[in-house]
Amino acid sequence: MSTTTPPPLHTVHLLRRTTLNRIFAGIYSLAILTLIHHHLYHHPTNTLFLTADVILAFMWATTTSFRLYPTRRQVFPENLETSKEDFPAVDIFICTADPYKEPPMNVVNTALSLMAYEYPPEKMSVYVSDDGGSHLTLFAFVEAAKFAKIWLPFCRDNNIVDRCPEAYFRLNDGAFADSADIKAMYEKMKMKVESVVDRGSIDAEYITNEDERNVFDKWDKGFIRHHHPAVIQVLIESGQEKDMKGHPMPNLIYVTREKNKAHPHNFKAGALNTLLRVSAVMTNAPIVLTQDCDMYSNDPKTLQRMLCFYADESTRHNLGYIQFPQRFYGINRGDIYASEYKRLYVINPGGMDGLKGPCYVGSGCFFVRRVFFGGPSLPELPEARYLWPGHVVEKPIRNNKVLDLAHEVAGSNYENNSTWGSKMGFRYGSLSEDFNTGLQQHCSGWKSIFFHPRRPAFLGDLPITLYDALSQNRRWCIGLLEVVFSKHNPLTYGSRFMGPLMGLAYAHNAFWPIWSIPIIIYSFVPQLALLNRVSVFPEVTSSWFMLYAFLFFGANVQDCLDFMLAQGTFQQWWNDQRIWFIRGLSSYVFGSMEFFIKRLGISSKGFHVTSKVVDNEQSKRYNNGIFEFGVPSPMFVPLATVAIVNLVAFVFGVVQVIRGVNMNGLFGQMFLSCFGLVNSWPIYEAMFRRTDKGKMPRVISVISTLIGLTLCMLALVVPNA
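Counted from 1, the sequence shown has number 512 at position 453 by our numbering; the numbering is strictly sequential.
Where hints are given, some of them may not hold.
[As the list claims (entries may be wrong)] With a Cα cut of at most 20 Å, we get these calculated SDA-like pairs of lysine to any residue:
#1 K251 - A263
#2 K277 - G434
#3 K205 - D270
Because the hints were derived from the structure by calculation, they are not lab data.
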């Protein structure tokens, strides 16, 4: 009797460049070892450049771990045999923390786009965590619940793909007969919400019933951001409310956990763990999607694509999560701040997918709920059975007992004397809770999958000022160092439980801040030595110089190819390299300083929310590819100082060439000065030429110029050693 093999739900294959990557890795490794040998036996006392080159070699090794097994996946949702009635339920978590930095209308758009998935609505529940505890955010969602009754059937009946209202009305103008009416309703809601946020209060006329009044009355004088009771409000209950066409709707629940100054709240990880418990009490879906408040759904069929992995019995046993890449809209032509993070979100996860799977990057990730409770074969379950991943919820979500229990598990002291945050749930101990959580889940025996669809599953906002981009990166650096200096260090703990390649892959992100060491050394020392006519590199005619040239150009050419094969442009790659250089002199340095200050027990600001508010003038400059420096941040001082030093050193070298001085032994330093000068071009413009509000603040320009010129003068007057 013959059996028919069922059609595949997904396929995976290694990329064709894998063999070339491995060959190049062998050749480049030999070159690195030769360089280290050269340092040790020819310049044993020059520890500065040896340190820089060892760190560069280590970071190259971590990057190479992504190039040995790069994969590409394809899914076939049409082969799903499960009927829609049998689709698993999904709990969707959206986190927001500040109505002024994360405008409530942005969060509303994210929620509406997710509620409009092509998926049985009774199988979906959207939980909005408002960690800022703002009645303004709740008001926005009260209005969104009303608009959803119109928006969801409009999307379904017209088979709309762009189901984020803001994106739809931005990209489509009157595509359907009722588009104008729907847009008018949306604009009315938007105007009402934004006016309430601008005033900071809710007019009595906007509160339409007694239930709403009772909820908003909880925001009394004693209700402050860091000290308030839990508020859990069911805005839509799937079994009770229907849209304007009579179809069921997804659950929509607003959650702000209790906060008490006597108990640590553990930032975003604490908010997510509260959602895990509240959702377990109310719906307890086997799949959990975590989504940033500024990342809206761009493909209504994403859940079906996810099911192609979840429904496959061959991968299901130890599959912990499925990570989709973070993609962004509104990026200017050259992506001047490298905010797309193409290597972090697209290239590197594809390389890890061939190992045990990608890191968790905080958004666009579908978890199996079971992954939060120990390893695949060693569960770590909470004492309360109603929080177990297999618990079946039988009561409706508005049931008084359910709501009372939900408020209880959202209490500020609920986690006391428990393993929440250490062995269960999202992990504490790092501001980069996503990286820390994924690392520990992989070390527990779970695997993950990376899927990069042609049409981005999610699109999000991105920083449009250099200060916001660097501040975001600085916060990540602090969180990553917190993991490095914990017992979960990827090189030791990670390699032990995941293997050396996965350990190196995780270490690539964890050790980001140490990039600052070689960047600072190569941005200052060769240039200052050039001013003193001291050679730090071999002469151009030396074979050792060719080794340096091969290492420099080999790494950059390979990185450029990786970038362009991931659908990037040369200009975007160049800007990515420039921003890497800028981060090394600013956010990596200041993030490291803030981390070590915190380790010494000195107070730190802690979690910083990146502003999502867009200023029209800033937006105009960003779209024109002009750097925004308007904030007088100390992070800009090293950037401008390096720009001055490289400019002076390069001009000095050119003058020496014109005077006929033999610069053969100083060519490498001339090249680095020129390289630094080209990368610093936007800084020179901001310091000396621009007159708009986004220019380099005068105080930063003056301080940096004085420091840079002082260093150059000292280098000129110090006698040759």
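Against the structure, the hints come out as follows:
1. A C-alpha spacing of about 13 Å is found between K251 and A263, which places the hinted pair at or below 20 Å, so the restraint holds.
2. For the hint pairing K277 with G434, the CA-to-CA distance comes to about 40 Å; that exceeds 20 Å, so the pair is violated.
3. For the given pair, K205 sits about 15 Å from D270 by alpha-carbon distance, which is consistent with the 20 Å threshold.
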